[in-house]
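Q: Taking the hints into account, I'd like the entire structure generated from these sequences.
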Amino acid sequence: MSFWKLFTKDRQDELPKIQLGRFSESYKQESQNKAWDQSIADFEQEQYEKSILSVLEYMMNEERNNIVINQSNGNEIKASLIQGSIKLTLEINKEQFLSYTTLAHVTDPSVGMLRRLLEQNYAFQYGRYFIDENGNLGLIFDCKLEESNPYRIFYGLKEIAIHADQLDDSLIAEFEGLRELHPELKFPLTDQERNAKKSYFFSESRRVAAVESLGSLKMDRFPGAYSYLYLSTLYKFDFFLIPEGQIMKKIQIAQAEYHSEQTNDVGKKVKLLKQVIVDFSNFDESAFEQELYQVNSTFALTKPNTKENLQKFIQSEIQSMEWYVSNNHLEVCECICSYVGGYILFHFSLKEYSIDLLTMLYQITDSEFFNTVGIHTKWWKQNDIDKGIFESEIKEILSHVQQSELNVNLKQLDWTNRIQFLRSFLHFISLYLE
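So that you can map any letter, position 35 of the sequence shown is 35 in this note's numbering, and since no number is skipped, the others follow by simple counting.
Keep in mind that a hint or two might mislead.
Unchecked claim - For each label pair, taking beta carbons as the anchor points, the in silico distance ranges come out as:
| hint | residue 1 | residue 2 | range |
| --- | --- | --- | --- |
| 1 | Thr-416 | Asp-284 | 39 to 49 Å |
| 2 | Asn-327 | Arg-128 | 49 to 59 Å |
| 3 | Ile-69 | Ala-210 | 44 to 54 Å |
| 4 | Gln-47 | Arg-418 | 44 to 54 Å |
| 5 | Asp-142 | Lys-271 | 37 to 47 Å |
| 6 | Phe-124 | Asn-327 | 44 to 54 Å |
| 7 | Asp-265 | Gln-32 | 27 to 37 Å |
| 8 | Asp-279 | Thr-416 | 34 to 44 Å |
| 9 | His-400 | Tyr-151 | 26 to 36 Å |
| 10 | Asn-75 | Glu-147 | 45 to 55 Å |
| 11 | Lys-381 | Thr-89 | 44 to 54 Å |
As the list claims (entries may be wrong) - As a list, the in silico DSSO-like pairs of lysine-lysine whose alpha-carbon atoms are at most 27 Å apart:
| hint | residue 1 | residue 2 |
| --- | --- | --- |
| 12 | Lys-351 | Lys-186 |
| 13 | Lys-303 | Lys-249 |
| 14 | Lys-78 | Lys-50 |
| 15 | Lys-198 | Lys-381 |
| 16 | Lys-186 | Lys-218 |
These are computed hints drawn from the structure, not numbers from a lab.
Nothing here was measured: the structure is a model prediction, and the numbers come from that model.
Where a beta carbon is used, it is the ideal one built from N, C-alpha and C, also for glycine.
A: Rendered as structure tokens:
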């Protein structure tokens, strides 16, 4: 999500516009939901072209200008859809629906690259790779018009759009025989934001890579403590920096392998996480800068979840803090809090106010990053929280939630010390998260 609201709301003169977090499609306007219902009705009445146009209306974000529809005549419709650094072309005629995008120009089709693409073809449910007559590598999804039900169109477009956006940068970085095709879809960061994010990435990865003990806890005896340190760091990189290409790919793979149930060897998993952090600390700085840019998107990588599941996850992690609190391992406790927020933001589509609350948590655990990028919140003063202003901020955020202001109980926040406060704030967030 391009997360701007918290840092621009009523404070345009004080705070810079800094892009944070993954794109989320959790919020749809009423007109968009009606468009989806209309697409189903049109399909059932065999009005296939109208049905597809309604699906596109459902996905359209006017602020982002992510979809453009050009209806040249009654027999053919053409449109384009933006997903990150790629553009999908859509063509609809009386017989079929066709969508495709090009990822890169192939100057040297290596055997390794072709094998990789062939293997990935089997994983697709809707799309497939192609190389056109001009030597451009791309992804295509098509179907007969009578088979173009709204769900097929939506998930088919989502599949090839997300895969194409993830692959273009990483393939170009990995294989020398590929050249970028759509640099115009990338918007550069300001010098301040780029330099601040670069400074944070390298200073934090080097700091974490150098950690040899968490208090008296050694990694060989307490690998779980270090898993919180490394995972929370990776999730922060994803949310704060929104990296593309190799860094994004490494974060996705590292956290997925850790959470995989294929092995229960926590010690081995933690060592692999640490190696990723070490690799980041030695990452080429010029290559890193190439992976920082802004884009428009139509589809989110995150998925919806139930409020109940999110609450169970948070409460479980709060319980896991008990031993560390009792034994005064406060650094691990902060890592757990940061991990909880990062895990949720990385995996799940949330409503905007939920993202606001989790970002407030990050502003506490990682205030240095926000100061570096020029975000100085009113309630954070001299490394401490102004209770009155902080609680006013929460009330402002939750005032936009229907009926929520009637149930906000800020007395549950425990201001005894920093760790007690973070735990109580996590519990508070769990009550409203969705």
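Q: Decide, hint by hint, whether the structure agrees.
A: Here is what the structure says about each hint:
{"no.": "1", "hint": "Thr-416 - Asp-284: 39 to 49 Å", "verdict": "45 Å, holds"}
{"no.": "2", "hint": "Asn-327 - Arg-128: 49 to 59 Å", "verdict": "55 Å, holds"}
{"no.": "3", "hint": "Ile-69 - Ala-210: 44 to 54 Å", "verdict": "53 Å, holds"}
{"no.": "4", "hint": "Gln-47 - Arg-418: 44 to 54 Å", "verdict": "60 Å, violated"}
{"no.": "5", "hint": "Asp-142 - Lys-271: 37 to 47 Å", "verdict": "45 Å, holds"}
{"no.": "6", "hint": "Phe-124 - Asn-327: 44 to 54 Å", "verdict": "49 Å, holds"}
{"no.": "7", "hint": "Asp-265 - Gln-32: 27 to 37 Å", "verdict": "46 Å, violated"}
{"no.": "8", "hint": "Asp-279 - Thr-416: 34 to 44 Å", "verdict": "40 Å, holds"}
{"no.": "9", "hint": "His-400 - Tyr-151: 26 to 36 Å", "verdict": "31 Å, holds"}
{"no.": "10", "hint": "Asn-75 - Glu-147: 45 to 55 Å", "verdict": "19 Å, violated"}
{"no.": "11", "hint": "Lys-381 - Thr-89: 44 to 54 Å", "verdict": "52 Å, holds"}
{"no.": "12", "hint": "Lys-351 - Lys-186", "verdict": "26 Å, holds"}
{"no.": "13", "hint": "Lys-303 - Lys-249", "verdict": "18 Å, holds"}
{"no.": "14", "hint": "Lys-78 - Lys-50", "verdict": "13 Å, holds"}
{"no.": "15", "hint": "Lys-198 - Lys-381", "verdict": "25 Å, holds"}
{"no.": "16", "hint": "Lys-186 - Lys-218", "verdict": "43 Å, violated"}
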